[in-house]
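Chain by chain, the residues run as shown.
Protein chains: 4
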Amino acid sequence: MSKRPLIVIGGSSERSQETMGAFQEFPQVEACRLYSKFSAQPSSIEAIPTIIEKAVRCSIYGRPGACYVDIPADFVNLQVNVNSVKYVECCMPPPVSMAETSAVQLAASVIRNAKQPLLIIGKGAAYAHAEEGIRKLVEQCKLPFLPTPMGKGVIPDNHPNCVRAARSRALQFADVIVLFGARLNWILHFGLPPRYRPDVKFIQIDICAEELGNNVRPSLTLLGDINAVTKQLLEQFDKTPWQYPPESQWWKTLREKMKSNEAASKELASKKSPLMNYYTVFFCVQEQLPRDCIVVSEGANTMDIGRTVLENYLPRHRLDAGTFGTMGVGLGFAIAAAVVVKARHLGQRVICVEGDSAFGFSGMEVETICRYNLPIVLLVVNNNGIYQGLDADTWNEMLNAGDATVVAPPSCFLPNLHYEQIMTAFGGKGYFVQTPEELQESLKQSLADTTKPSLINIMIETQAMRKAQDFQWLTRSNM
Amino acid sequence: MSKRPLIVIGGSSERSQETMGAFQEFPQVEACRLYSKFSAQPSSIEAIPTIIEKAVRCSIYGRPGACYVDIPADFVNLQVNVNSVKYVECCMPPPVSMAETSAVQLAASVIRNAKQPLLIIGKGAAYAHAEEGIRKLVEQCKLPFLPTPMGKGVIPDNHPNCVRAARSRALQFADVIVLFGARLNWILHFGLPPRYRPDVKFIQIDICAEELGNNVRPSLTLLGDINAVTKQLLEQFDKTPWQYPPESQWWKTLREKMKSNEAASKELASKKSPLMNYYTVFFCVQEQLPRDCIVVSEGANTMDIGRTVLENYLPRHRLDAGTFGTMGVGLGFAIAAAVVVKARHLGQRVICVEGDSAFGFSGMEVETICRYNLPIVLLVVNNNGIYQGLDADTWNEMLNAGDATVVAPPSCFLPNLHYEQIMTAFGGKGYFVQTPEELQESLKQSLADTTKPSLINIMIETQAMRKAQDFQWLTRSNM
Amino acid sequence: MSKRPLIVIGGSSERSQETMGAFQEFPQVEACRLYSKFSAQPSSIEAIPTIIEKAVRCSIYGRPGACYVDIPADFVNLQVNVNSVKYVECCMPPPVSMAETSAVQLAASVIRNAKQPLLIIGKGAAYAHAEEGIRKLVEQCKLPFLPTPMGKGVIPDNHPNCVRAARSRALQFADVIVLFGARLNWILHFGLPPRYRPDVKFIQIDICAEELGNNVRPSLTLLGDINAVTKQLLEQFDKTPWQYPPESQWWKTLREKMKSNEAASKELASKKSPLMNYYTVFFCVQEQLPRDCIVVSEGANTMDIGRTVLENYLPRHRLDAGTFGTMGVGLGFAIAAAVVVKARHLGQRVICVEGDSAFGFSGMEVETICRYNLPIVLLVVNNNGIYQGLDADTWNEMLNAGDATVVAPPSCFLPNLHYEQIMTAFGGKGYFVQTPEELQESLKQSLADTTKPSLINIMIETQAMRKAQDFQWLTRSNM
Amino acid sequence: MSKRPLIVIGGSSERSQETMGAFQEFPQVEACRLYSKFSAQPSSIEAIPTIIEKAVRCSIYGRPGACYVDIPADFVNLQVNVNSVKYVECCMPPPVSMAETSAVQLAASVIRNAKQPLLIIGKGAAYAHAEEGIRKLVEQCKLPFLPTPMGKGVIPDNHPNCVRAARSRALQFADVIVLFGARLNWILHFGLPPRYRPDVKFIQIDICAEELGNNVRPSLTLLGDINAVTKQLLEQFDKTPWQYPPESQWWKTLREKMKSNEAASKELASKKSPLMNYYTVFFCVQEQLPRDCIVVSEGANTMDIGRTVLENYLPRHRLDAGTFGTMGVGLGFAIAAAVVVKARHLGQRVICVEGDSAFGFSGMEVETICRYNLPIVLLVVNNNGIYQGLDADTWNEMLNAGDATVVAPPSCFLPNLHYEQIMTAFGGKGYFVQTPEELQESLKQSLADTTKPSLINIMIETQAMRKAQDFQWLTRSNM
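Chains as they are written, first to last, in full-length UniProt numbering: chain A, 1 to 479; chain B, 1 to 479; chain C, 1 to 479; chain D, 1 to 479.
Here chain A stands alone, though its shape is the one from the complex (with noise of 0.2 Å):
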């Protein structure tokens, strides 16, 4: 992951009509400054391949992140001597840089002190390819981990270390925290009370430096290349082997929580009557999902409850809003995971799982996953509408009564729509399913039939709600 760049190639207009008011002319190169690690224009043909290595090795190059080559719309046709080109070989892999060995064996002394400790593990330990010695690591010393929603996978999620189903309890009686490639940002509550311990020591291990230190002082700081500092690591409990007692207080607190999380999930899976609730859902789903697919979500409820419910167990194999929280990024995230599955013949399938809000945003781009046929099996969430919607019933009670747009939220859609066909009307395969019974039978099929995309449109209660949270504060911010 952190090994492909991102590049994002534009087009200006004609230098020669620049000021001119030339067809889409703008400053695009300054345009997307403020978006990219690197922005620029070739200043001629025969600079192209300077710049595109520059683009894609600075991407890649420490914290990786985006980059925007502008191409003006001149240079399509123009003619250059191949001789005057600067061919340029592409970038070596990026460079390694680990923790100071000082820093890494107080680290170690810290994780041996703590008295409750919990690992989590972020989306920089995917980039880093850092899975095998995390995972060494939490096996050899015991220790429970929470991975931030892009981080899920490095470790599977099944992994009876994990205490994502107590999540809040783990953050906020944990004493020592160890963040691998996990930012302390609105995600992780800033890493502030009342969500965390006053007193809780934070080891942040980052490749970024500013990074280090944001919103709350930590401890101590790895800064370096995260997978070879899980190494480092690694090689102090090698040196010295230790563990963290499996019966010690804290474990049993987090595994009671754990089950009664779990229990409470079940019991809201088990409601299935008139409409299924969101645990209905992710727990059909999550039954029939293959081990290696690739999980792409968006959505407000539907992500959110999605992640908790619907398990990963690779690295790098779910793509999520992030972040960010942009919505419609979604099907862009399939379509590019797929076609690089697709290429490479690898066999897997992508699950999209959407909100029916977000799936507004992009839903178009079916059309291109039916072009190009891919592997794609799209869920639709539906629960006409954001957070909620209105039934069928009440919706038609206010038209009747006036104008149901006037009076309906306008966060409701109207009920009941029928995005499975989106994806007939471009070839696809599409299911409109109200049960569990239909939401597993289609799925199954869906699954099974490689040589086509499908959509299942998943008819919910329109006030499905998520559990009750520990904190009203900041509920938007739950991994």
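A hint or two may mislead.
Calculated lysine to aspartate or glutamate pairs in the EDC-like style (CA-CA distance at most 20 Å, straight line) [claimed, not checked]:
#1 Lys452/A / Asp403/B
#2 Lys142/B / Asp157/B
#3 Lys259/B / Glu311/B
#4 Lys86/C / Asp74/A
#5 Lys142/B / Glu89/B
#6 Lys37/A / Glu25/B
#7 Lys136/A / Asp157/A
#8 Lys37/D / Glu30/B
#9 Lys86/D / Glu311/B
#10 Lys342/C / Glu89/D
#11 Lys452/A / Glu311/B
#12 Lys86/A / Glu18/C
#13 Lys86/A / Asp74/C
#14 Lys37/B / Glu30/C
#15 Lys37/D / Asp74/C
#16 Lys86/D / Glu14/B
#17 Lys252/C / Glu139/C
#18 Lys257/C / Glu267/C
#19 Lys142/B / Asp238/B
#20 Lys37/C / Glu30/B
#21 Lys452/B / Glu53/A
#22 Lys142/A / Glu235/A
#23 Lys252/B / Asp175/B
I should point out that these hints are in silico values taken from the structure, not numbers from a laboratory.
We have chain A already, so just place chains B, C and D on it with the hints.
Just chains B, C and D now, kept in the frame of chain A:
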């Protein structure tokens, strides 16, 4: 139109979380700077009215444009003492300025002495509500005129003095051109040879001083509100009446060219088998188009050719991708227009003419159209691709030979996509039409049915081309 | 002035070295965007004339402003075929627009009905060369007027209708205020109470539509070239002559206030020992100031008080730090003015009145003054600091007690600095003066000697203050 | 140095007056974005400590850089409850990272196998306080090294392994070059032929991943803190000792070239009449320069030639216009250095070597130097112009023939300007010197007198040139 402000309200993250990695944190005011006339965040809730007043005023005073006001998330729940809020009245209507009297006199004299005069009516004339004056000027002085895309309808397109059908000829040989709020940008080929005579005299009428003289040194500039300046010009021709000889060689040339061009279009329109072409479609549509409808359009050939066939009879009744040529704006434009129509009970229809590629940008907005039951008829002119697609047989051959999606140009969509099902999925009416008769019938039904929006998916020849052009140069800039 | 474009030419690094770490590489066009009306780099040498024409035109059309043109380093030595260069003529003089006739009539009527009218003459009036019309209006209608800092001289400051000496009073009690190209920004206290009556009627005359209505909802706006609009107003008063009664209570109040304020100033000016104060200095200077000299000024009290005493008799003969209040501009302004004077053999003197702190920003420009032997007399009004300094005795006491520089406020300079030696170092004449007599004599010599620039370093009381003000609020915004 | 944050605190206008035309209103945070690593305005007074912490941390963590914090004017007088302020501790020292062990081993091996090795010591090595390790490496392995302008002093310039005097030769023929925090930008000729062998192997050591691979594909990259990485390299050479043969042909070539270059310099330095040249001056100065002084320098030839003659013996004791080549920074740098020296009673002298043109940018800062009585000796190397001036006779001839200022190149100043009087005007000591003896004497006095700052205005030949260069190409980029 110019009286309707365009304000975008955004919501940045909570101010107290700035720099902490807040949810969707971004410097939004800064990011909108390049795209707006005014971009600001009120410094407090108390300051909101002042900022809104300034944004509204800035949007409609001078050359109209978009403004951005950012309301940070924490404002939403903040309580303030109502007495501390500084309420402000809405601004006065935009101030009106006029051109210098001597310049107006000179302009009248240049027009009087023109051998081959031409008026070009731009979007600025529509914004200025200058239709009455300009029509009087055209009719009183018997002058030929040409509208720009968004200037269409300021005078009805079927007015005998409208030389749209001889556009290239008119531009190329006019010796005096009066621009009413039309910019000499790419749409007007920058005002340069070979599309114009090297010695053409431009008289520029514009509300924006900085626009005057762009790309070409005009003979004369009239700075002011276009409506007011038109009236000033009329006064001159009232004082000393004059009319351009209707039997001049120039009029003869233009009429002949119009005749032959119209014949060529009709000839193309008459070709009906096996599939329709653009002209067949637009001639069919034009026959049924209500006089007072609002036409929205986007696409490549669809927009360009549609613009030449579909007539506007009223000012500010055409919404077009316009100068910037941005795709994806059509459905938003149609919705905005239909909401005004509906809210004011104007009883008009909105006809949204989309290329298939253009429709793909924001086709999901059909849900909004259905939800609010907006009086929109969507026409998707479908040639299976951008500029040109492939027919199903060719596609299947490719598919059998290997992978069509590898061989097919990236600008080709799957053949015969059922865009009308996007509409039926959301409860509107959908039609898939392949013949003029089907088109006529479905359009008749759509226009007759005021209870539901509809979408007509119109299949045309995949290679349907435009007429041969006089100029290869900058074909895209035909209005 | 408005006819003189302001173009900054910059030089970015060689285009072929962009992104490589070239000498002084920076995105200069982008960096200048916020500061200019137009910022661009020609796409080729051939395009330079077009870009320069656009920059010049943009700088003087509409509201005047600075433009930036970037010439990359490689252009300097590049050879092009002279025939490929697209030469363009210089643009026409700025287009002139006028206000709507009905608005002008209404404005005249509001003025006629004013009980306590006031005209405010801004920098825009000077830029528009509106002096003749405005003076006629003032004299014909016998109206009191007030110039803004850069509006001084549009009508001579010693005109009997100029109520500068009763500025606060005039602003506070006027019931109708006509703004001639003056903005309601901080300099005019935003047009708000308590500095104005809550019910004051503003008539705004401005070339910039977006300026109208800023901060206060005006009664009437006249959009157009200020000179043209003034003539329109005059026509109204020519058609139906009217004059404001010279013996009105309003005139009486203003005259009394002027008298008492002038007396207070004179009283201050008469205090001559032990050291001069601002008033002593400026009264001395004013006595000898040539009528046609150009006065440049910057500083805090020096600029503010100097502006009230030093009179301007001609428009566009005062260059001031102005609205933005930027220090360091004085010597550059003086040089620019003097170069014009010298190149055109106008024979005027440029008097540059600097506070000691302001002089510190760009005092080294004295070398340029001497090198080009420019007809500049520099006056440094020296109170040993910003707002107020320390005298040598106090300073030495502090020095003996420890370290003066630790104890002395950071706004204090070393006492009695010999700024005049900066001038002598470069070959001009320097004077260090401590008494009115010395000041008079040195100024006399400086003005008499046209062979050399000179600098008079004028020592004043370190605590020399301005007169007591009516308002503590926004003292800095006194014009 | 890297431990010293660079924070610029600015003051924007009062927030409640934003968009109203407030005093000096400007979007300052946005304007500083391009120039800083972090630019922000605290959202409240309470947030100031958090923002300052972040700015400080961001400035010193990772690659160091400037940060901007904006304090709006209304904060100055605002009262807050001290308990609501969120105090934060200062951040920890910057985290240290190391290179991958395998890469370090490989680097050692490449160095061992080099035929013509060269170390280049950049400013990054100085920032990282890597002097001890690098010196050990140089001495233990007997490698030739070259400092960049701000890398001077990491190892003393007079170290026998320093090949400064054969810079071009060393760069051109080295087969393995190790970069210690030195960028391959214009200063190092982008690392490209003909200034380098096409097959040269670069080993890049840098703290910034994105810097690695710029312009040239390196053989090897070592990402990490330069001090830490140097120690890693040393470990390799400790484990398996190795030294580069001191009698190799490469060392012989370098020594011969150094000898001949030094002889040429001495030859130039010995030319003392009629006026001194750069070499005469700098050889004189070098003789008296205290070992521990801080040398500040800016100018064109003055900086470039001065850098080759004036020696640094300690790291972080040279402040240079540097990579960006900005003129006007010298006096500010000198003041900053002297304030630290004075505040910490370090007893060092700051020697500020200025070209006459460079001095003109901020010569007025001499007042600050005098006010705080800073231990600075200013040397102005005066050739009457930029690159070259005119002598008084030529100037006068021109003056008599017409106007010298019209005929003289714009880069010529008035001949024999008395810059030393700027110093005497403010109370320091000034010297005007024309011979080596006068220079020696005045410098001796200046260094001896610790009670006052002094300025020595050193007249040199107006046409004083540098030595002939091997390359015309990019002469400006000689270090």
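Quiz item: So which of those numbered hints doesn't the model satisfy?
Solution: Violated: hints 5, 9, 10, 11, 15, 21.
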